[in-house]
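Number of protein chains: 2
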Amino acid sequence: GAAPAIVQAQANIRWRLASSFPKALDTIYGAADVFSKQVAAMSGGKFQISVHAGGELMPPFGVVDGVQNGTVEMAHTAPYYFFGKDETFALGCAIPFGLNSRQMTAWYYEGNGEKLMREFYAKYNIVNFPGGNTGAQMGGWYRKPIGSMADMKGLKMRIGGFAGKVLERLGGVPQNIPGGEIYQALEKGTIDAAEWVGPYDDQKLGFNKVAPHYAYPGWWEGGPQLDFFINQKAYDGLSAEYKAIVTAAAAYAHVDMQAKYDGRNPAALRSLVSSGTKLFRFPKDVMEAAFKESMAVYSEISAKNPNWKKVYDDYSKFRAEQNLWFRFAEAGFDDFMQQQKL
Amino acid sequence: GAAPAIVQAQANIRWRLASSFPKALDTIYGAADVFSKQVAAMSGGKFQISVHAGGELMPPFGVVDGVQNGTVEMAHTAPYYFFGKDETFALGCAIPFGLNSRQMTAWYYEGNGEKLMREFYAKYNIVNFPGGNTGAQMGGWYRKPIGSMADMKGLKMRIGGFAGKVLERLGGVPQNIPGGEIYQALEKGTIDAAEWVGPYDDQKLGFNKVAPHYAYPGWWEGGPQLDFFINQKAYDGLSAEYKAIVTAAAAYAHVDMQAKYDGRNPAALRSLVSSGTKLFRFPKDVMEAAFKESMAVYSEISAKNPNWKKVYDDYSKFRAEQNLWFRFAEAGFDDFMQQQKL
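Sequence lines, in order, name chains Z and U. Numbering of the first sequence is given in the numbering used here, commencing with residue 1 and proceeding in unit increments. Numbering of the second sequence is given in the numbering used here, commencing with residue 1 and proceeding in unit increments.
Be aware that one or more of the hints could be misleading.
Same chains, same label: a pair holds when it works inside one copy or across any pair of copies.
What the hints assert, rightly or not - In silico PhoX-like cross-links for lysine-lysine, where the CA-CA straight-line distance does not exceed 20 Å: (1) 284 <-> 341; (2) 309 <-> 85; (3) 341 <-> 292; (4) 37 <-> 243; (5) 317 <-> 341; (6) 243 <-> 46; (7) 144 <-> 188; (8) 165 <-> 309; (9) 115 <-> 309; (10) 309 <-> 292; (11) 284 <-> 153; (12) 204 <-> 23; (13) 292 <-> 153.
No lab work stands behind these hints, which were simulated from the structure alone.
Could you build the full structure based on these sequences and the hints that come with them?
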């Protein structure tokens with residue numbers, strides 16, 4: 001029952017959140033909105049966080065600097081964008097042949113992920129919270145399908161940062177092209193291929209009209225995690241109640257974003273295929289060469305970067321254990337279900 | 001920055017939560033604790049929910065009655081326990097060959113799951129929130145391994161409610177035995193097999209010493225969801241802030257419980273195998289017969305129970321779409337990873 005309350009009033013707080021994403025990516029960008037609305041609702045409107053699309057307050061890739069120097073109190077981003085500052089950022093998001101979505105969440109919530117990544121992010125005055133996952137992505141759009149490793153030679157492909165390192169070692173030529181210019185580059189043949197996200201996001205950009213071959217799986221993004229980055233001083237200034245509210249709102253946005261992708265991808269894939277998209281699975285030799293080169297890249301980084309080594313040693317051990325377990329109950333169940341007429 | 005606050009104080013609230021689980025199941029029972037602590041933290045200790053193990057306030061299977069008639073404000077349970085009241089309860093938890101963990105969450109958060117199940121639970125004065133998932137379970141412990149359908153004939157197996165219907169149609173003899181008495185029944189040979197959860201929980205009960213053959217996958221529990229059940233009147237009496245706090249705390253507990261199972265199962269499986277447990281995969285003919293009989297059961301229930309039919313029509317369509325999509329990026333990625341030496 002209710003009893004008369006003697007409470008200390010919570011302060012009014014106004015924060016700004018800089019997203020790395022455009023509003024058009026409604027599921028990714030939207031996770032910051034979901035977070036902000038939940039914080040406002042839980043605090044009776046007293047804790048307000050305004051959400052700003054990439055470029056509005058600062059460049060999409062300027063958000064780590066923005067949070068670090070306190071220009072904004074927080075950001076929502078894909079940490080691997082910042083692997084140029086330190087490769088360790090990628091481990092908090094996705095690396096080729098890394099953890100899948102559930103495994104990534106397990107590493108953060110139950111393994112050493114949160115502890116290790118927070119220790120690393122502290123160097124940038126950042127406290128982080130998992131803030132969504134896309135699930136395993138597709139492997140991109142190709143003007144011609146990839147039949148074997150021979151087709152990787154000279155392949156000019158628009159591909160996100162870290163995976164480009166591996167593509168290069170397979171003989172490909174990674175290209176850095178903003179989302180808005182990919183379609184034209186594919187159409188003109190300036191590039192041979194481009195990866196973006198998965199059916200739901202890719203469909204909006206219409207790549208299937210100019211590069212109809214759609215590969216799977218996106219081995220460089222088996223479960224990319226988005227993060228909320230909060231300025232340490234801003235976070236430390238919150239009451240215990242508001243810290244707990246931020247934690248739970250992030251969890252809510254985290255689970256909601258994966259659900260949105262899972263819920264919306266099937267219809268998008270169906271629609272893409274019915275309008276002529278041709279699916280193909282990456283050939284075994286490409287997958288195996290990519291795996292081998294990825295592991296070589298990780299060894300090289302481990303030898304040079306102690307931040308990376310400390311986190312990757314734990315991450316890779318966790319990955320081995322997870323895949324050992326998932327092959328039995330999870331894969332056994334999913335395999336069977338995927339073969340049934342439902 | 002902070003500004004002087006003019007706020008309306010939130011009321012002090014004390015609720016009781018009846019769990020269906022014993023404290024020994026620390027991950028399942030623990031989700032209610034995680035929820036309660038998060039609610040207390042977010043409300044500055046003003047919203048307190050005491051958590052009571054199964055049997056403490058009411059029998060473990062009495063919690064729906066308890067919430068319905070307001071004896072307690074809320075419960076944490078596996079809804080399929082109540083399929084005897086109405087089979088529709090099982091759709092909010094797990095049915096044989098149903099949705100996996102991520103798909104179940106997607107159905108609730110993004111599909112029609114929440115809407116349809118809340119419409120159903122309203123008949124019991126219940127408002128529900130997803131409150132954890134175990135992930136795909138194992139297929140139980142057997143004194144002798146199952147080689148084909150012939151071995152299912154007369155198999156006396158301890159198995160949870162709904163799946164027993166299917167086992168019966170495969171020639172087996174389902175047994176209802178409380179968790180604490182399974183070990184002895186297996187040891188004596190009163191039963192031939194027993195299913196419980198997965199490596200982490202099963203290990204504590206020591207079944208491997210008396211029934212060393214451990215089957216996968218648990219086709220009757222591909223992603224069982226636990227739920228928080230809240231009495232409608234108690235929920236309606238909450239402020240908008242407290243409703244939002246309950247929502248986010250449930251999401252936090254939901255993601256945390258799956259992470260705990262994923263994080264802890266691998267070491268438990270490794271330890272079981274190193275102490276003599278023998279893993280076997282359910283034979284294809286058993287899986288196929290079980291699938292066929294399950295679908296027949298669902299058709300029969302649909303013909304008799306309009307509550308079930310309304311929800312199952314949506315659920316089964318969602319399941320078809322999910323499995324269509326998961327076979328490409330997700331399974332393509334996981335398959336490959338599970339075959340690598342990591």
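Going through the hints against the structure:
1. 284 <-> 341: For residue 284 and residue 341, only the inter-copy Cα distance (15 Å) is at most 20 Å; the intra-copy one is 27 Å.
2. 309 <-> 85: within (15 Å within a copy, 55 Å between copies)
3. 341 <-> 292: between (36 Å within a copy, 11 Å between copies)
4. 37 <-> 243: This pair counts as both: shortest intra-copy Cα distance 16 Å, inter-copy 13 Å.
5. 317 <-> 341: This pair counts as between: shortest inter-copy Cα distance 12 Å, intra-copy 37 Å.
6. 243 <-> 46: Close inside one copy (14 Å) and across copies (16 Å); limit 20 Å.
7. 144 <-> 188: For residue 144 and residue 188, the Cα distance is within 20 Å only inside one copy (14 Å; across copies 64 Å).
8. 165 <-> 309: within (18 Å within a copy, 52 Å between copies)
9. 115 <-> 309: within (15 Å within a copy, 46 Å between copies)
10. 309 <-> 292: within (18 Å within a copy, 50 Å between copies)
11. 284 <-> 153: Classified as within: same-chain Cα gap 16 Å, cross-chain 42 Å, threshold 20 Å.
12. 204 <-> 23: For residue 204 and residue 23, the Cα distance is within 20 Å only inside one copy (13 Å; across copies 49 Å).
13. 292 <-> 153: within (17 Å within a copy, 48 Å between copies)
Consistency with the previously given hints is maintained throughout, with no hint failing.
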